[in-house]
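Peer 1: For reference, the chains in residue letters:
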Amino acid sequence: MEKKLPTIEIIEKYCKGCHICVEFCPTKVLEMKGFVVSVKNLEACIKCMQCELRCPDFAIKVTP
Amino acid sequence: MAYDYEKFIRPGKLPHIWCPGCGHGIVMKGLIRAIDACGLKKENTAIVSGIGCASRLPGYMDCCTLHTAHGRAAAFATGVKMSRPEMDVILVGGDGDGTAIGGNHFIHACRRNINMTYIILNNKIYGMTGGQFSPATPTGDKASTTPYGNPDPAFDIAKLAIGAGATFVARGTAFHANQIDKLIAEAIQHKGFSVVEILDDCPTTYGRRNKFKSVIEMMNHLKDIAVPVKAAEKMSPEQLKGKVLTGVLYKEDKPEYCEQYAKVIERAQAAK
Amino acid sequence: MAKKVAFLQGNEAAAQGALYAGCKFFAGYPITPSTEVAEVMSVELPKIGGKFIQMEDEIGAMAALLGGALGGAKALTSTSGPGLSLKQELIGYGCIAEIPCVIINVMRGGPSTGMPTGPSQSDIMSAKWGTHGDHPAICLVPASVQELFEETVRAFNLAEKYRTPVMVMPDEIVGHMRERVVFPEPGELEVIDRAAPTVEPAQYKPYDTSFGDVPPLAAFGSGYKFHVTGLNKLPDGFPTTKAEYVQAEEERQVRKVEGNADDIMKWEEYKCDDAEIIIVAFGSTSRSARFAVDQAREQGIKAGLFRLITFWPFPEKRILELSKKVKAFITPEMNLGMATGVVKAAVEGNAPVLGIFRVDGEPINPGQILDKMKEVK
Numbered sequence: 001m002e003k004k005l006p007t008i009e010i011i012e013k014y015c016k017g018c019h020i021c022v023e024f025c026p027t028k029v030l031e032m033k034g035f036v037v038s039v040k041n042l043e044a045c046i047k048c049m050q051c052e053l054r055c056p057d058f059a060i061k062v063t064p
Numbered sequence: 001m002a003y004d005y006e007k008f009i010r011p012g013k014l015p016h017i018w019c020p021g022c023g024h025g026i027v028m029k030g031l032i033r034a035i036d037a038c039g040l041k042k043e044n045t046a047i048v049s050g051i052g053c054a055s056r057l058p059g060y061m062d063c064c065t066l067h068t069a070h071g072r073a074a075a076f077a078t079g080v081k082m083s084r085p086e087m088d089v090i091l092v093g094g095d096g097d098g099t100a101i102g103g104n105h106f107i108h109a110c111r112r113n114i115n116m117t118y119i120i121l122n123n124k125i126y127g128m129t130g131g132q133f134s135p136a137t138p139t140g141d142k143a144s145t146t147p148y149g150n151p152d153p154a155f156d157i158a159k160l161a162i163g164a165g166a167t168f169v170a171r172g173t174a175f176h177a178n179q180i181d182k183l184i185a186e187a188i189q190h191k192g193f194s195v196v197e198i199l200d201d202c203p204t205t206y207g208r209r210n211k212f213k214s215v216i217e218m219m220n221h222l223k224d225i226a227v228p229v230k231a232a233e234k235m236s237p238e239q240l241k242g243k244v245l246t247g248v249l250y251k252e253d254k255p256e257y258c259e260q261y262a263k264v265i266e267r268a269q270a271a272k
Numbered sequence: 001m002a003k004k005v006a007f008l009q010g011n012e013a014a015a016q017g018a019l020y021a022g023c024k025f026f027a028g029y030p031i032t033p034s035t036e037v038a039e040v041m042s043v044e045l046p047k048i049g050g051k052f053i054q055m056e057d058e059i060g061a062m063a064a065l066l067g068g069a070l071g072g073a074k075a076l077t078s079t080s081g082p083g084l085s086l087k088q089e090l091i092g093y094g095c096i097a098e099i100p101c102v103i104i105n106v107m108r109g110g111p112s113t114g115m116p117t118g119p120s121q122s123d124i125m126s127a128k129w130g131t132h133g134d135h136p137a138i139c140l141v142p143a144s145v146q147e148l149f150e151e152t153v154r155a156f157n158l159a160e161k162y163r164t165p166v167m168v169m170p171d172e173i174v175g176h177m178r179e180r181v182v183f184p185e186p187g188e189l190e191v192i193d194r195a196a197p198t199v200e201p202a203q204y205k206p207y208d209t210s211f212g213d214v215p216p217l218a219a220f221g222s223g224y225k226f227h228v229t230g231l232n233k234l235p236d237g238f239p240t241t242k243a244e245y246v247q248a249e250e251e252r253q254v255r256k257v258e259g260n261a262d263d264i265m266k267w268e269e270y271k272c273d274d275a276e277i278i279i280v281a282f283g284s285t286s287r288s289a290r291f292a293v294d295q296a297r298e299q300g301i302k303a304g305l306f307r308l309i310t311f312w313p314f315p316e317k318r319i320l321e322l323s324k325k326v327k328a329f330i331t332p333e334m335n336l337g338m339a340t341g342v343v344k345a346a347v348e349g350n351a352p353v354l355g356i357f358r359v360d361g362e363p364i365n366p367g368q369i370l371d372k373m374k375e376v377k
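Protein chains in written order, with this note's numbering: chain A, 1 to 64; chain B, 1 to 272; chain C, 1 to 377.
Heads up, a few of these hints could be off.
As the list claims (entries may be wrong) - Heads up, simulated BS3-like pairs for lysine-lysine below, C-alpha to C-alpha not over 27 Å straight-line:
hint : chain 1 : residue 1 : chain 2 : residue 2
1    : B       : Lys213    : A       : Lys28
2    : A       : Lys40     : A       : Lys4
3    : A       : Lys61     : B       : Lys42
4    : A       : Lys61     : A       : Lys33
5    : B       : Lys13     : A       : Lys61
6    : A       : Lys47     : B       : Lys223
7    : B       : Lys223    : A       : Lys28
8    : A       : Lys40     : B       : Lys213
9    : B       : Lys7      : A       : Lys61
10   : C       : Lys4      : B       : Lys272
11   : B       : Lys223    : A       : Lys61
12   : C       : Lys205    : B       : Lys272
13   : B       : Lys254    : C       : Lys47
14   : C       : Lys24     : C       : Lys205
15   : C       : Lys24     : B       : Lys42
16   : B       : Lys191    : C       : Lys24
17   : C       : Lys205    : B       : Lys13
18   : B       : Lys272    : C       : Lys3
19   : B       : Lys41     : A       : Lys61
I should point out that these hints are in silico values taken from the structure, not numbers from a laboratory.
All chains should be built: construct the whole structure from the sequences, respecting the hints.
Peer 2: Structure (structure tokens):
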């Protein structure tokens, strides 16, 4: 069966580039692109929701 | 589904004013999840704050919100709660606002055991004014007004709350994000004055003066120092050195203030 | 049916006036010489389902007062000089956030602890300039126990009508003297309740000036969600630093009181029609002044009394009119010249203003005023 990929929505105008999501993602899905975060490797996402939970800026929405 | 925080946030108010990496937003998310979990009604919930970075939180919340003067949140909130006991009243503020200029109101709100929840975002510094030391700044630390190291000892805010008579006291950290909502929810559901101290980070005015190279270092520091109360029971004093206890630190049932005043009304009317 | 009559202390009458006006919330802190107001409220409020709370300090009392008022209650506190100084921080908050409430400040000697049991009239400038920033000021200065009752009712009316803190400032003599009080029947004195919003909660803005200079204030817990702050704000209550909004808001807050001064101001002119010398006085001092005016008339001196019942807004236009036909004003007051300065500014040099100042804790007696009249050339 094909693995269903989650959706990771980055609201760029809210992101302040603090790196918290990048750093605490256990599978290194995210990376910084300039001052805002972006999705680097969606396939690696294990849907743990840590990035959404820890983002201080309401800038990440993960739909598993 | 992604959690819909925006159903509790006033339209158009984001992005918030807090600095990159400031944990206040993490705590606000925890508060939103807690309010949601407790089923509070927005129009029946008052969120009251004083002055400072943390005190800007109510402005984002789609509730009855009261951004008062420096240190005065607990006293304003006491008036709101007395006037409208049916409302859920939540206070939010920083360590300086709550325990320095607002210290007297804080301890007396604890003593009265009035049914409100006070969330103290303790980042150990006055952030909005640019990083002056607060009553929560550890001895020896640097702040803009302690350039040679802080000579003052710090308050243990949770202990202060317990000593003053708060009947529910908990502590969490901005790192332990998934615990914040649970602590706040339990505090909201507790009948009496509840205090939730969240150890928070201020990378802008505290971290950079105190050898934290990044937000991540500060977050990891919160992770390292936190010890859940249960785990601490099995640890030696040496092992607990430099650690802080997290979780529900104190809970007791005592008469609640508004209920006590309702009895005053009964007695007065019986005597009439 | 005969009206209820009682022999009351001024402070007790102030509390009774508050109850007549529909006060349901009191937050205070003990301080001489105003404590009796709190004591009466602690007895009476729970009987009618109202709330009384003694707070941890004067600032906390003012904060709880504003919180209670935001909950929709007509709210009262009482204090005296040092307490008024502490409350000033949040009196300013009440002004900018536009929260109606009443503060009874029984004037004692100052500055600082001063003379706690001695009378004074030295807080009148604090009523206008005590808190920082430009703001509206309404200050009532009754001279008898009956008038303290009635002016407290009026203070609530003005607070609710103009959505602002109102101060009632009896001096200690008026606060502590005992006199006969005739209780007005319910409905005999006008009682104004807070205007409720006429729009749905979703449309509500707490500072929406399309409703005029005094926008309706919803109560917390009444179904309306809104934001209140001590920062300069927009019509929706959220902070702003935009110059045009800040300027307009500040001007409106002052204008809602100054622009309605004719509705707020109250004074009594006693034998002023043909007077050559007019005594401008208030509170207990005006009682000595009235006696002195009668004595002077007996001696052929054409004296009159202009008795201030509202100190702020100050009736400067009327004083200016009178200044064109009198030889002099005399301003006896229990301070070192506060009202004298205000009267001098109002008369624009048309007549001399001769002050009589006492700060020794003793009342100004009629003889002193009569002697001063004789100095007028």
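Peer 1: Against this structure, judge whether each hint is valid.
Peer 2: Status of each hint after checking the structure:
Proposed proximity of Lys213(B) and Lys28(A) is supported: the alpha carbons are some 21 Å apart, at most 27 Å. Straight-line distance between C-alpha atoms of Lys40(A) and Lys4(A) comes to about 17 Å, which keeps the hinted pair within the 27 Å bound. The straight-line distance between the Cα atoms of Lys61(A) and Lys42(B) is roughly 23 Å, inside the 27 Å bound, and the hint therefore holds. Note on Lys61(A) and Lys33(A): the hinted pairing holds, with a Cα-Cα distance of about 18 Å set against a maximum of 27 Å.
Annotation: proposed proximity of Lys13(B) to Lys61(A) holds, straight-line Cα distance about 18 Å (limit 27 Å). Of the pairs offered as hints, the one joining Lys47(A) and Lys223(B) holds, with about 22 Å between alpha carbons and a cut-off of 27 Å not exceeded. A hinted pair counts as satisfied when its Cα atoms are at most 27 Å apart, and Lys223(B) with Lys28(A) qualifies at roughly 20 Å. Between Lys40(A) and Lys213(B) the CA atoms are separated by roughly 25 Å; this keeps the pair inside 27 Å, and the hint holds.
Between Lys7(B) and Lys61(A) the alpha-carbon distance is near 14 Å, which keeps this suggested pair within the 27 Å criterion. Under the criterion of a C-alpha separation no larger than 27 Å, the hint pairing Lys4(C) with Lys272(B) is consistent with the structure, at around 18 Å. Simply put, Lys223(B) and Lys61(A) have alpha-carbon atoms about 24 Å apart, close enough for the 27 Å limit, and the pair holds. The suggested pairing of Lys205(C) with Lys272(B) is violated, with an alpha-carbon distance near 42 Å, which exceeds 27 Å.
Proximity of Lys254(B) to Lys47(C) is assessed by CA-CA distance (about 25 Å); at most 27 Å being required, the pair is judged to hold. For the given pair, Lys24(C) sits about 25 Å from Lys205(C) by alpha-carbon distance, which is consistent with the 27 Å threshold. About 25 Å separates the Cα atoms of Lys24(C) and Lys42(B), which keeps this hinted pair within 27 Å; it holds. Simply put, Lys191(B) and Lys24(C) have alpha-carbon atoms about 25 Å apart, close enough for the 27 Å limit, and the pair holds.
Between Lys205(C) and Lys13(B), the direct Cα distance comes to roughly 16 Å. Compliance with the 27 Å bound is thereby established for this hinted pair. Restraint check for Lys272(B) and Lys3(C): satisfied, since their Cα atoms lie roughly 21 Å apart, inside the 27 Å limit. With a C-alpha separation of about 24 Å, the suggested pair Lys41(B) and Lys61(A) falls inside the 27 Å cut-off, and the hint holds.
Comparing the model with each earlier hint shows a violation of hint 12 alone; every other hint is respected.
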